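So the protein lines, in turn, are chains A and B. Heads up: the first sequence begins at 1 in our numbering, then just goes up one per residue. Heads up: the second sequence begins at 553 in our numbering, then just goes up one per residue.
Rather than coming from a laboratory, the hints here were simulated on the basis of the structure. Owing to the predicted nature of the structure, the values given are computational and were not obtained by experimental measurement. Mixed in with the good hints there might be a few duds.
[Claimed, not checked] Computed Cβ-Cβ distance ranges for the label pairs, DEER-style:
hint	chain 1	residue 1	chain 2	residue 2	range
1	A	E495	B	S1043	30 to 36 Å
2	A	K201	B	P677	52 to 58 Å
3	A	E18	B	A1013	54 to 60 Å
4	A	E168	B	K1050	39 to 45 Å
5	A	D14	B	Q691	54 to 60 Å
6	B	S685	A	R42	39 to 45 Å
7	A	Q139	B	G889	54 to 60 Å
8	A	L325	B	P591	29 to 35 Å
9	A	E213	B	P677	56 to 62 Å
10	A	K285	B	P956	39 to 45 Å
[What the hints assert, rightly or not] The list that follows gives simulated cross-link-like pairs (lysine-lysine, DSBU-like), each with its CA atoms no further than 35 Å apart:
hint	chain 1	residue 1	chain 2	residue 2
11	B	K838	A	K171
12	A	K464	B	K888
13	A	K171	A	K40
14	A	K91	B	K617
15	A	K171	B	K837
Positions of the beta carbon are idealized from the N, C-alpha and C atoms, including for glycine.
2 protein chains.
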Amino acid sequence: MSNGAQALMKTLVDAGIEVCFTNPGTSEMHFVAALDAEPKMRAVLALFEGVATGAADGYARMADKPAATLLHLGCGLGNGLANLHNARKGKVPVVNIVGDHATYHVQYDAQLQSDIETVARNVSPGFVRTSRSTEALCQDAADAITAARGLPGQVATLILPADVSWGEGGKPCQVPEQQEAPAAGEQAIQNAAEAIRSGQKTALLLGGQALREPSLMAAARIAAHNGATLLAETFPTRMEKGAGLPPVERIAYLAELASLQLAEFEHLILVDAKAPVSFFGYPGKKSYLVPDSCQVHTLSTAEQNAPASLNRLVETLGAQHATPLVQHANRPGLPKGKLTAEKVCRAVGELMPEDSILVDEAITSGLMLNALTAGAPKHDLITLTGGAIGQGLPSATGAAIACPDRPVFALIGDGTAMYTIQALWTMARENLNVTSIIFNNASYSILNVELDRVGAQDSGAKAKSQLDISGPVTNFATLAQSMGVHGVRVSTSEELIKAIRYAQSQPGPHLIDAVVPESLNGMKRKVLPWLLKSLPSLPRPLTMALKKKIAP
Amino acid sequence: MSNGAQALMKTLVDAGIEVCFTNPGTSEMHFVAALDAEPKMRAVLALFEGVATGAADGYARMADKPAATLLHLGCGLGNGLANLHNARKGKVPVVNIVGDHATYHVQYDAQLQSDIETVARNVSPGFVRTSRSTEALCQDAADAITAARGLPGQVATLILPADVSWGEGGKPCQVPEQQEAPAAGEQAIQNAAEAIRSGQKTALLLGGQALREPSLMAAARIAAHNGATLLAETFPTRMEKGAGLPPVERIAYLAELASLQLAEFEHLILVDAKAPVSFFGYPGKKSYLVPDSCQVHTLSTAEQNAPASLNRLVETLGAQHATPLVQHANRPGLPKGKLTAEKVCRAVGELMPEDSILVDEAITSGLMLNALTAGAPKHDLITLTGGAIGQGLPSATGAAIACPDRPVFALIGDGTAMYTIQALWTMARENLNVTSIIFNNASYSILNVELDRVGAQDSGAKAKSQLDISGPVTNFATLAQSMGVHGVRVSTSEELIKAIRYAQSQPGPHLIDAVVPESLNGMKRKVLPWLLKSLPSLPRPLTMALKKKIAP
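Sequences and hints are given; from them, build the entire structure.
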């Protein structure tokens, strides 16, 4: 005879959910106690819920299956909300378990009482359920697991009242096997094929699952055989890239650049992606970035099987035997002298080992990262899918737990690092192979650009001070040390190279506090000229578009 | 002609809202730009939204008027939710401004798009409004301000779309003066008077506004004249206490103790307080803590004027000329030798200057704090009203901004400190007079007690490890230094005393990392015997009840 928590634990591990990222409180104590009886469940403690949820996100991106979370009531869920938002936007499966008061206790409106379901709907529009009895609990959990790992993946929130957890009579449930998703229908494939064969400029916009090797190879066959251009969504959930894989240019973050990138196309074929829109609305600027003259087609939706759909398109086009263009191995060379953000990206591109996992939350400082790692050995890239900063360090934590034998590089802006800095403690506790590099420019640099872009350019000192985090400048090396992570501060390329090499030679977490100038310093209103300077390392067709733009 | 943001800024300052705690993003850039034109608005930047919302809470508790927040969309609100929850439960006014995408941009479901209103309802059940036009904005803001600072105070959420902010045609609004709340009705006063005169054991349970000096003095007159006992709610929003003020015993956190405390009473009269309930539900234990034989009366609700109601009760009872019993000055003496949590509380009780603000989020380590500061010079106490940990450091930040000339002591558990540790950076940036003392016992100590109390006592190593934060032990002194706060680690009483004296001699923020053993170590299942050891320093009637409990 099991209590609810014990039966729930068994239901989870039987469904292959073997990691739980936790920040529990009193209402979750029976779940915690049930850990003892279940050797297959690994519980990873976080000091803040945003770390737990971000780690669950990063874990699922790399493990291709969900982890569970364990959060404490509505407030714990609130603390975890931003990274669940990123998971939702990335279509990442998470079994989000939120403890609640005992059902009979709710009426007393005790201190921690709040409406959990209402908060949960923000990140779990597809599945929020409060389990009402110990008998029903495991079926509720099975439904949550099924919902989470469907296609598209989602955050399924299971609210677990304390008495449902401690009640006797829990019976573990079997969760049905995941169904293979269907490929796109014949009409969608024919439409896409027709556009590609039209002779008009056509791009395949790849997102979600379509950025993994099987899809990329299929798409590259089409590109080689029919001349279509390959584009990737701006913020991929997980993108396989590097030497030996087809190079795919991501849509630029800045709407101005994305519009240039898209200007030449007459057909845009979406594969598990949405038509590009501006990250924010700006006065007098368009939100929808596809040119009016461009037709948008959907090859496959997030509910469909992207690689199977692409393979059917390959067959329809007769491109099976085309040789995909792949990226040749090409390291950018080691940087020298005083550090800049670009030099940090260069050093990473030069030194990252094969099979690295690159977590990119470097915002402005990481602008050159993609170009400078393009020819590095094959690796995975994880990005900020939902725009809620504070995703990088937690995500790296989860990725390292999913892939203990792969080196993880977390490239993080100083502003964003501080949202979930407690992730360092979990990295130390679990001795994870994560090398975090913080771009310490002491500024919300992106906001300096944004302040300008929204048309508030003549701002004074008081406004600017809201974007300036230099008083005081955080010392991330000491900060890391305070949580048991090896930390070092560097300000030259040589120091950085030494630090990266040391980090790769010693297991466990390392943090490199890279003191750099603002990469966009003085840029403002000069986005294009600045980018043009960097042209040689930028991939096409953005490069081509920019070159045309400045040509007389 | 103003844009929306400029007119909003003027509406806020004209209504006396002169501090805004910010963590802005792109959608808030016009609000940020509008800061330049408004010298009366002080913008205080936080590196994490939970710091901004907690600071707004602490500020309002001490300033007796709301601050504004500035948060970035649904995710920023999520990050700030836990401390807004604490404000809500404490009936603290906050004008919670959440930026949103431009109204026309919402349809594109960009990365940061999410349902903000749905999240906001969790903490702002009484007022959530998305402003729909620049013309309507200032009236919306005025309504939000009125709602926030009504009685009871509340978190009023104003959602501010970017185009409403940047649009032209904003017109500042006047916000009506706050109305004096009415005193309790005649019937309520007569009922309370009758209970007090009945000769049966009666307690006045004071909460909210009733824990401030005018109410306390009135209640103490009744106690002196009629023999009623004075009790305070477990977690006061703000309680004035110390030498010269009437001593009031707080209802204990542990339901077992609270039940003992309440056992003797036949009448409980609520003054801006609710009838005591257990913090959590526990298997086989009652949630509602008032004995069946005790009648509950309401003198005044949170909507009514507590001091006026108490004064009318004083008159009705003829107690105007009674001499209230007040606490005599009584310092506990300096501790000696190896540090314990109790010795930290003792040192604070001995050394805190007059007019200190004490922020208590020390959880288990602070168990003796109340007793050991009872006779210290007059001070204010701020506590964790909503149970969402991570309130202390932000709240201290806000309190120090509200009261720049008063020393703030933040007594914080190590577990809770890590939720919003970024507050230290804001303390450094604003050079706030806050001395934070972290009880570093490397444990979620309270959860060890709770694991036991929920009946999961035979837990193994895996469960226990979820409550153990000793691997690694965080070094809060270095952590503080990394964010520009003077930090020192102490493990003896002598070092602690020196550190407190130094902190009081130097303006600006200080952090003392106090290494202490778990205060409840070995306690488990022995709550009563342990507390009885501490009897001499515990106030009545809990002491009396405990003594009776062990008497043969």
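Evaluation of the provided hints:
| no. | hint | verdict |
| --- | --- | --- |
| 1 | E495(A) / S1043(B): 30 to 36 Å | 34 Å, holds |
| 2 | K201(A) / P677(B): 52 to 58 Å | 53 Å, holds |
| 3 | E18(A) / A1013(B): 54 to 60 Å | 18 Å, violated |
| 4 | E168(A) / K1050(B): 39 to 45 Å | 55 Å, violated |
| 5 | D14(A) / Q691(B): 54 to 60 Å | 57 Å, holds |
| 6 | S685(B) / R42(A): 39 to 45 Å | 52 Å, violated |
| 7 | Q139(A) / G889(B): 54 to 60 Å | 58 Å, holds |
| 8 | L325(A) / P591(B): 29 to 35 Å | 60 Å, violated |
| 9 | E213(A) / P677(B): 56 to 62 Å | 49 Å, violated |
| 10 | K285(A) / P956(B): 39 to 45 Å | 43 Å, holds |
| 11 | K838(B) / K171(A) | 27 Å, holds |
| 12 | K464(A) / K888(B) | 49 Å, violated |
| 13 | K171(A) / K40(A) | 18 Å, holds |
| 14 | K91(A) / K617(B) | 43 Å, violated |
| 15 | K171(A) / K837(B) | 25 Å, holds |
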